[in-house]
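Student: Working from the sequences, and respecting the hints, build out all of it.
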Amino acid sequence: MGMKSFFREIYLRRDLVRELVVRDLKVRYARSALGILWVFFSPLLTVAVFYLIFFLFLKVNTAEAPFILYLMTAVFTWRFFQDSLMCSVTSLVDNRNLVRESNFPHYLIPLSIVFSNAIIFMSSLVILLISVFVLKEFSVWVLFLPLVLSVHFIIVLGLSIISSVIYVRCRDLKYVLEALLLLLFYLTPAFYSISLVKNSFPRLLFEIYLYNPFTVILNLYRFTLLKGCYVVIHEDISLIASVLSIFVFALFVLCLALWYYKKYRLKINDYLSY
Amino acid sequence: MDIVIELKQISKKYPNPGVFDEQMRSDLGDFLALCDISLGISRGDVIGIIGRNGAGKTTLLNILAGVLSPTQGQVFTKGRVLGLFNLGVGFQDELTGRHNIFLNGTLLGATRKEIEEKLDTIIGFSELGDFIDMPLGSYSQGMRLRLGFSIITSLDFDVLLLDEILAVGDLLFQSKCFERMMDFRRQGKTLVITTQDMGLIERLCDKVVLLDHGRVLFCGHAEECISKYRALLSAEKFFVGVAHKKIILFENTKKWGDVAEWGKKLGTKEVVIESVEFINRFGFKCGRIKSGGSLRIRSKFNSRNSVKEAHFGAAIFRGDGVYCYGPNTAFDGHLIKEIRVGRGWFELRCNELLLAPGEYKVSVAIWDKNESLAFDYHSGYYNLKVDGKVNGVKELLSIPASIKNNILKKDMMMAFNPDILNKDKTQDISNERVKSFLVGLVDKDAKSREAFITNDPASLRINFQGQLTNRPNYCLWAGFFRSDNVFCHGFILLFNEIGYSELTFAELPRLPGGYRVAAGLWDKEEKRFIYFCHNACVFRTVSEKGDHGTIYLKHKWDWRLP
Chain A
0 MGMKSFFREI
10 YLRRDLVREL
20 VVRDLKVRYA
30 RSALGILWVF
40 FSPLLTVAVF
50 YLIFFLFLKV
60 NTAEAPFILY
70 LMTAVFTWRF
80 FQDSLMCSVT
90 SLVDNRNLVR
100 ESNFPHYLIP
110 LSIVFSNAII
120 FMSSLVILLI
130 SVFVLKEFSV
140 WVLFLPLVLS
150 VHFIIVLGLS
160 IISSVIYVRC
170 RDLKYVLEAL
180 LLLLFYLTPA
190 FYSISLVKNS
200 FPRLLFEIYL
210 YNPFTVILNL
220 YRFTLLKGCY
230 VVIHEDISLI
240 ASVLSIFVFA
250 LFVLCLALWY
260 YKKYRLKIND
270 YLSY
Chain B
0 MDIVIELKQI
10 SKKYPNPGVF
20 DEQMRSDLGD
30 FLALCDISLG
40 ISRGDVIGII
50 GRNGAGKTTL
60 LNILAGVLSP
70 TQGQVFTKGR
80 VLGLFNLGVG
90 FQDELTGRHN
100 IFLNGTLLGA
110 TRKEIEEKLD
120 TIIGFSELGD
130 FIDMPLGSYS
140 QGMRLRLGFS
150 IITSLDFDVL
160 LLDEILAVGD
170 LLFQSKCFER
180 MMDFRRQGKT
190 LVITTQDMGL
200 IERLCDKVVL
210 LDHGRVLFCG
220 HAEECISKYR
230 ALLSAEKFFV
240 GVAHKKIILF
250 ENTKKWGDVA
260 EWGKKLGTKE
270 VVIESVEFIN
280 RFGFKCGRIK
290 SGGSLRIRSK
300 FNSRNSVKEA
310 HFGAAIFRGD
320 GVYCYGPNTA
330 FDGHLIKEIR
340 VGRGWFELRC
350 NELLLAPGEY
360 KVSVAIWDKN
370 ESLAFDYHSG
380 YYNLKVDGKV
390 NGVKELLSIP
400 ASIKNNILKK
410 DMMMAFNPDI
420 LNKDKTQDIS
430 NERVKSFLVG
440 LVDKDAKSRE
450 AFITNDPASL
460 RINFQGQLTN
470 RPNYCLWAGF
480 FRSDNVFCHG
490 FILLFNEIGY
500 SELTFAELPR
510 LPGGYRVAAG
520 LWDKEEKRFI
530 YFCHNACVFR
540 TVSEKGDHGT
550 IYLKHKWDWR
560 LP
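Residue numbers (numbering that gives the first Met the number 0), protein chains in the order written: chain A, 0 to 273; chain B, 0 to 561.
Some clues are possibly wrong.
Calculated pairs, BS3-like style, for lysine-lysine (alpha carbon to alpha carbon, straight line, at most 27 Å) [as the list claims (entries may be wrong)]:
(1) B/K264 to B/K336
(2) B/K336 to A/K266
(3) B/K544 to A/K262
(4) A/K261 to B/K12
(5) B/K544 to A/K25
(6) A/K262 to B/K299
(7) B/K77 to A/K262
(8) B/K117 to B/K368
(9) B/K307 to B/K544
(10) A/K3 to B/K77
(11) B/K12 to A/K266
(12) B/K7 to A/K261
(13) A/K261 to A/K3
(14) B/K299 to B/K268
Which chain A residues stay away from chain B? Per the calculated CB distances, all over 10 Å, these [claimed, not checked]:
(15) I9
(16) V48
(17) V59
(18) V92
(19) K197
Calculated directly from the structure, the hints in this document are not laboratory data. Even for Gly, the Cβ is constructed at its ideal location relative to N, Cα and C.
Tutor: If you want it as C-alpha cells, here you go:
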C-alpha cells in the first residue's frame with residue numbers, strides 16, 4: 000500500500016475517524032465528576048509528582064531552563080507518546096466488534112487513538128505555553144513547533160499501527176512494551192540535564208544516546224519552546240543532524256507501518272475471530 | 000445477468016488457535032470452515048443460506064462482506080456490500096443510541112451528512128423512543144436488533160447480508176423487517192440472508208443454498224432445498240467436530256440367564272411381588288400363549304417401605320437358560336420417582352410374542368435405579384408355555400418374513416431334522432456341482448451391510464449357481480444363529496429355476512450382538528445336506544437401548560403405584 004492511498008483512505012473515511020475520536024474521548028471521561036477537565040489535571044498531577052520528588056527531595060537542578068519547564072516539556076510529550084502507544088497496542092483486539100462489522104482499514108483505529116491523545120496533548124501544551132510565557136520568554140523558534148509536533152505525530156502513529164497489528168497475533172507485546180517504555184523514559188533526559196550523562200558514557204554511546212529519536216524529539220521540543228536551552232551542550236549536538244535524523248526516522252517508521260499492515264491486513268480479522 | 004458477487008472456489012481455513020508449533024498444528028488439523036464454494040449472485044437475487052450450526056453460514060457471509068478473506072479462491076464484488084452480523088457488533092455500550100447511529104453508520108461507510116439526513120427515519124423505524132438517548136448498555140437484545148437493522152437498511156447499498164438476526168425481534172418488528180425486505184426485493188436490491196426460520200426463507204428467497212460442514216450440499220429452489228435440509232436434520236445426530244461424532248450404541252448385551260439362581264426369590268423385600276399373571280389376547284389369565292400372539296405379564300406388588308427411584312423389569316428365558324428378552328422401565332426411559340407404602344401392579348405388554356413354541360421361564364423384578372440392588376427379584380420363577388406348530392428343529396424365535404421369487408415350504412418342515420445344526424458339527428459340506436452359493440444381508444436401499452440397528456428392515460439374499468439335475472428333490476435352507484451358536488430360527492425354501500431368492504424382514508428385531516447365517520442345500524430323498532456353509536454371512540446388530548436378550552419385542556409398560 001502506498002503512502003498516497005493511505006492518506007486518501009484516511010481522507011475518505013474522515014467522518015469515521017472523527018466518530019472514533021469523539022467516542023474515544025467520550026468513553027475515556029464518561030462518568031467522572033471532573034469530566035473533560037482531567038485533560039488538564041492529569042498531566043499537571045504527574046508533573047507535580049516528579050517535581051516533588053526530583054526537585055524538592057532529590058534537589059536535581061538544570062542549568063538549561065527553570066526545572067519546572069524542563070520537566071513539563073518532557074512529561075507532556077512523553078505522556079502523549081506512551082498513552083498513544085499503550086492504548087493502540089490493544090486497540091484492534093479491544094475493538095474487535097467494530098473491526099468485524101465492516102471492512103474499513105484497520106489502521107483507522109490506532110489512528111483515532113493517536114488523534115484523541117494528540118487532542119489531550121494539545122490541551123496540556125496550552126498549559127506549557129502559558130507557563131513558558133509566565134516564567135520565560137518565547138523565541139522565534141517557537142514557530143517551528145507545528146513541524147516538530149507533526150513529526151512527533153507521525154512517529155507515534157507509525158509505532159502505534161505496527162504494535163497494534165503485532166499484538167493481534169502476539170499478545171506478549173503489551174508487557175514487553177510496558178518495560179521497554181519505562182527504560183526508554185529513563186534513557187531520555189526527562190528530568191536530568193544532558194551534561195550529567197555526558198561523562199559517564201564513552202563517546203560513541205553518548206552519540207547514540209543523543210541521536211536516538213526520543214532524545215532528539217525531546218530536544219527539539221525544548222529547542223523550540225525553551226530557547227537557549229542548549230547553551231550548555233551546544234558543542235555536543237548538531238541541530239541539523241538532529242532534524243535530519245528525526246525526519247528520516249519518522250519516514251522510516253511510517254513506511255514500515257504501512258508495509259507491515261499491508262502484509263498482515265488479510266489475517267487480522269482471522270485472528271480477531273477467535 | 001448482472002453479477003454482483005462471484006465466489007470462485009473459495010475455501011476458508013481457521014488454524015487451530017491453541018497450537019503455535021507448526022508441526023503439531025498439521026497433526027491436529029486446522030478447521031476447514033468452508034471448502035471449495037463457488038457461487039454467483041446476480042443483481043436482484045434474494046438468496047437464503049441454510050444449514051446447521053457450524054455449517055459455515057456466518058463465515059460465508061463474512062467473506063461476502065469482505066470482513067474475512069478466503070484462504071483459497073477469489074471473491075469479486077461489485078457495489079456496496081453491507082452486512083448485519085451478530086448483534087452488538089459495531090456497537091459501543093457506553094455511548095447513547097443516537098451516537099451509536101453515527102458510529103455504526105460511518106463504520107458502514109456512510110458520511111456524517113448522509114446519516115444526519117436519515118437520522119429521523121432510522122430512529123422512527125427503530126421505534127426506540129426515549130431510549131435513543133440512553134447508553135446502549137441498557138438495551139435489550141431486541142432493541143439492539145431494532146437499532147442495527149434500522150441503521151443498515153436506511154443506508155444505501157447494493158447487497159445486504161443479514162445473519163440470523165431477526166429471531167430476537169418481537170413479532171411486530173419481525174413483520175416490519177419482513178416488509179422492508181420485500182420492499183428491497185421489489186426495488187431489485189440483492190439480499191443474502193441466513194436464518195433458521197424456514198418460513199421466512201420460503202416466502203422471501205428465490206434461491207437457497209444448503210451448507211453442510213463447509214460445503215454446498217444443494218443449491219436451488221427454496222422448497223426443494225428446505226426439504227433436503229429437513230432430511231439432513233433427521234438423518235443424524237449432530238455434533239460439531241469429527242472427534243465427537245459418535246452415537247453411543249450398545250454392541251452387546253446379556254445373552255444367558257443365571258440358571259443356578261432360578262426358582263429363587265431374591266432381594267431386600269422392601270417391596271414384595273405377590274403374584275404374577277400371564278394374560279392372553281382375550282384378557283384371560285393363562286399359562287399358555289400362542290406363538291406370535293399377545294402377552295401381558297402383570298405383577299402385583301406390595302410395598303412395605305416407601306422406596307425411591309425404582310424400576311420394574313421382566314425377562315423371558317428359554318428352558319436351557321438362553322436369554323430371550325429382558326426389558327425394564329429404565330432402558331425405556333421411564334422414571335418412577337417413588338413407590339409409597341401400599342399395593343400396586345406393573346405390567347409388560349407385548350403385542351406380538353415372536354418366540355418359537357416351547358417352554359420358557361419368566362423373571363420379574365423391582366430394582367433400585369442402578370440395577371444393583373433388587374427390592375424383590377423372582378428369578379426364573381414362573382413357567383410360560385408358548386404354543387404353536389413345532390418344526391423338526393428346535394428354534395428360539397419366530398420372526399415373520401416375506402419371500403420373493405420363492406415359496407416357503409412349510410409342509411416339509413416336519414421331515415426336516417438335520418443333525419448338522421448341532422453345536423459341535425462345524426464342518427462345511429461342499430459339492431462339486433455347486434459353483435457358487437452367495438448369501439448376504441442388505442438394508443432397505445439394497446446396500447450390503449454388516450451392521451444393523453435393532454429393528455432396521457433387512458433382506459437376506461441367496462444367490463445360487465450350479466448344475467443340479469432333478470431339482471424338485473432339493474430345497475434351500477437358511478438359518479440364523481447367535482455368535483454363541485444358539486440356533487434362532489430357520490427357513491426352508493423351494494429350490495427354483497432362477498437360483499435367486501430373497502427373504503425380507505420388515506424389521507430385524509435382534510438385540511445387540513453378533514449373528515451369523517448358515518445356509519445349505521437339502522436333499523429330500525437322501526434326507527441330508529449335499530451342500531452346507533456354516534458362516535454364509537456374518538452380521539452384527541447394535542442398538543441405542545441396552546435391553547437384554549436376543550430378540551426385541553415391541554412392548555409397553557403400564558403400572559399403578561400405591
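Student: Failing hints, ascending?
Tutor: Hint check: 2, 3, 5, 6 and 8 fail, others pass.
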